[in-house]
Amino acid sequence: MTDITGYERKNGKFGIRNHVLVLPTVSCINGVIRRISLEVPEAVCVTHAHGCGRGGPRDLEILSRILSGLVNHPNVGGTVLIGLGCEIFNAKSLLPLIKEMGKPIEVFNVQEDGGSLSTAKKGITAARRILSEISSQPRTALPWDKLLVAMECGGSDAMSGVTANVAMGAVSDWLVEKGATVIFGENTEMIGTAHVLARRAKNAEVARQIELMIERAEKLAQEVMGDLASVVISPGNMDGGMSTIAEKSMGCIFKGGTTTINQVVDYGEVPSEHGLILQDGPGYDGDSMAGLAASGSQIMFFSTGRGTPAGFPALPVIKVASNTRIYKAMEDDMDVNAGRLVEGQALDRLRADMADLMVRVINGEKTKAEVNGMDVFTFMTVHPPF
Amino acid sequence: MKENILIIHSTDNVAVALKTLGVGERAVAKGIEGFPALEDIPASHKIALRDISKGEEIIKYGETVAVSTRDIKKGEWVHTHNLESKRWKK
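Top line first, the protein sequences correspond to chains A and B. Residues in the first sequence are numbered from 1129 upward in steps of one, following the working numbering. Residues in the second sequence are numbered from 334 upward in steps of one, following the working numbering.
It is worth saying that the hints were derived from the structure and are not from the lab. You may find that some hints are simply not true.
[What the hints assert, rightly or not] When the alpha-carbon atoms are kept at most 20 Å apart in a straight line, the in silico EDC-like pairs for lysine to aspartate or glutamate are as follows:
| hint | chain 1 | residue 1 | chain 2 | residue 2 |
| --- | --- | --- | --- | --- |
| 1 | B | Lys419 | A | Glu1333 |
| 2 | A | Lys1330 | A | Asp1273 |
| 3 | B | Lys363 | B | Asp345 |
| 4 | A | Lys1347 | B | Glu417 |
| 5 | B | Lys419 | A | Glu1343 |
| 6 | A | Lys1496 | A | Glu1459 |
| 7 | A | Lys1306 | A | Asp1367 |
| 8 | B | Lys419 | A | Asp1273 |
| 9 | B | Lys387 | B | Glu336 |
| 10 | B | Lys363 | A | Asp1481 |
| 11 | A | Lys1306 | A | Asp1481 |
| 12 | B | Lys352 | A | Glu1339 |
| 13 | B | Lys352 | B | Glu366 |
| 14 | B | Lys335 | A | Glu1471 |
| 15 | B | Lys335 | B | Asp384 |
| 16 | B | Lys352 | A | Glu1471 |
| 17 | A | Lys1250 | A | Glu1167 |
| 18 | A | Lys1330 | A | Glu1401 |
| 19 | B | Lys406 | B | Glu372 |
[To be verified] Computed from the model, here is a short list of chain B residues facing chain A with C-beta under 7 Å:
| hint | residue |
| --- | --- |
| 20 | Leu371 |
| 21 | Val398 |
| 22 | Ala399 |
| 23 | Val400 |
| 24 | Thr402 |
| 25 | Thr413 |
Glycine residues also receive a C-beta, built at the ideal position from the N, C-alpha and C atoms.
Isolated chain A (complex conformation) (with noise of 0.2 Å):
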């Protein structure tokens, strides 16, 4: 096993990639970016369906911590940020949130900058001089107690929770072992599982903070989808073999490993405890996984074992298929075959195996998402546009 390395930011944290980030703050303007995706396609540019219409506290929360979460976050060394104007929470509200962070920054607003023609010219040019600024920053080593990773699954099927997601809790026993810190979320797939849960909590009050979580998981998933919340499962999820939310659950947490859990944050926030911890984010892939990379986490494993080839800008994801059939089938997609564990290959082995290449992720070697660049940008809202 050789040391990890990283790019060290100004406020101590690090990360294990060293991109610029193109975003925009408000949908209006995704058209921008993609002209400046097309010219500066070593940039990681960013589009997404958000940013305006919502101007409840909750939604305005999430939106400010989920966009200044991707800017700050330790994997981006530099960004372009491109504004509208007149978007309920533009650019300049971002900014505070942002500058404390040492890293470039250059931020254009469409109704100031001439245009959407002119501004995309200007980020174009911004984004190849911080692209060089930042190109000389060399990688040193990374103590694993500054290392944050995720895991996620998604598109599961009953052995996602056999073989994916049990190797991948071998390997987040083996971080935590290390000093690193493990995060997971997904709290409607916890569903029935908090007594589980709760059990292992570090103390009373988070176990307690567990089983508010997830009752109130539960309360809105029944809320919202009434008889049909005992499957608050996909069909592909049924189709797989698994009949409860419950079955599902208890497949799902297992991916956490069985270490203490520390600490429950809030969908997007940064832990300021070690060891595993909990988020308070939805069981939706995509808004899940924002929430994680706002939480800091650097690279993320990821089971599935219908297929999903998801990834998340500017973080590798490491794709781990539940059963040999779906890493056939999608092998520009999956990174791991956890398949392997029923057909007789050891746990140990394959635990030694992903952690190996999850050291070459973190030093520079390209996921499969990376490589087909797969990104998915979407996060969580709680009410309906105004």
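Using the hints, position chain B against chain A.
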């Protein structure tokens, strides 16, 4: 004979099919005597490891994941047609 079902926890009353089992095909796992599948069991779906009465808990991962809605015989397919969620009963 090669294992074709997986028992995740020792207290489970269902196992996971590692491949699709046809009617009459023997289900084989570590530590148990093989028994015939009473119907087709799709790969990654559940097969009853013993007779389960109506209203009995379905145990997987050593935890309750559902409740049966009718008597289920050892070797039968266990899925949404013969169980319900314990938390949100229909």
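Hints versus structure:
| no. | hint | verdict |
| --- | --- | --- |
| 1 | B:Lys419 with A:Glu1333 | violated (27 Å) |
| 2 | A:Lys1330 with A:Asp1273 | holds (19 Å) |
| 3 | B:Lys363 with B:Asp345 | holds (13 Å) |
| 4 | A:Lys1347 with B:Glu417 | holds (18 Å) |
| 5 | B:Lys419 with A:Glu1343 | holds (15 Å) |
| 6 | A:Lys1496 with A:Glu1459 | holds (9 Å) |
| 7 | A:Lys1306 with A:Asp1367 | violated (38 Å) |
| 8 | B:Lys419 with A:Asp1273 | violated (41 Å) |
| 9 | B:Lys387 with B:Glu336 | violated (29 Å) |
| 10 | B:Lys363 with A:Asp1481 | violated (25 Å) |
| 11 | A:Lys1306 with A:Asp1481 | holds (16 Å) |
| 12 | B:Lys352 with A:Glu1339 | violated (37 Å) |
| 13 | B:Lys352 with B:Glu366 | holds (18 Å) |
| 14 | B:Lys335 with A:Glu1471 | holds (10 Å) |
| 15 | B:Lys335 with B:Asp384 | violated (24 Å) |
| 16 | B:Lys352 with A:Glu1471 | holds (11 Å) |
| 17 | A:Lys1250 with A:Glu1167 | holds (12 Å) |
| 18 | A:Lys1330 with A:Glu1401 | holds (11 Å) |
| 19 | B:Lys406 with B:Glu372 | holds (11 Å) |
| 20 | Leu371 | violated (17 Å) |
| 21 | Val398 | holds (4 Å) |
| 22 | Ala399 | holds (5 Å) |
| 23 | Val400 | violated (9 Å) |
| 24 | Thr402 | violated (11 Å) |
| 25 | Thr413 | holds (5 Å) |
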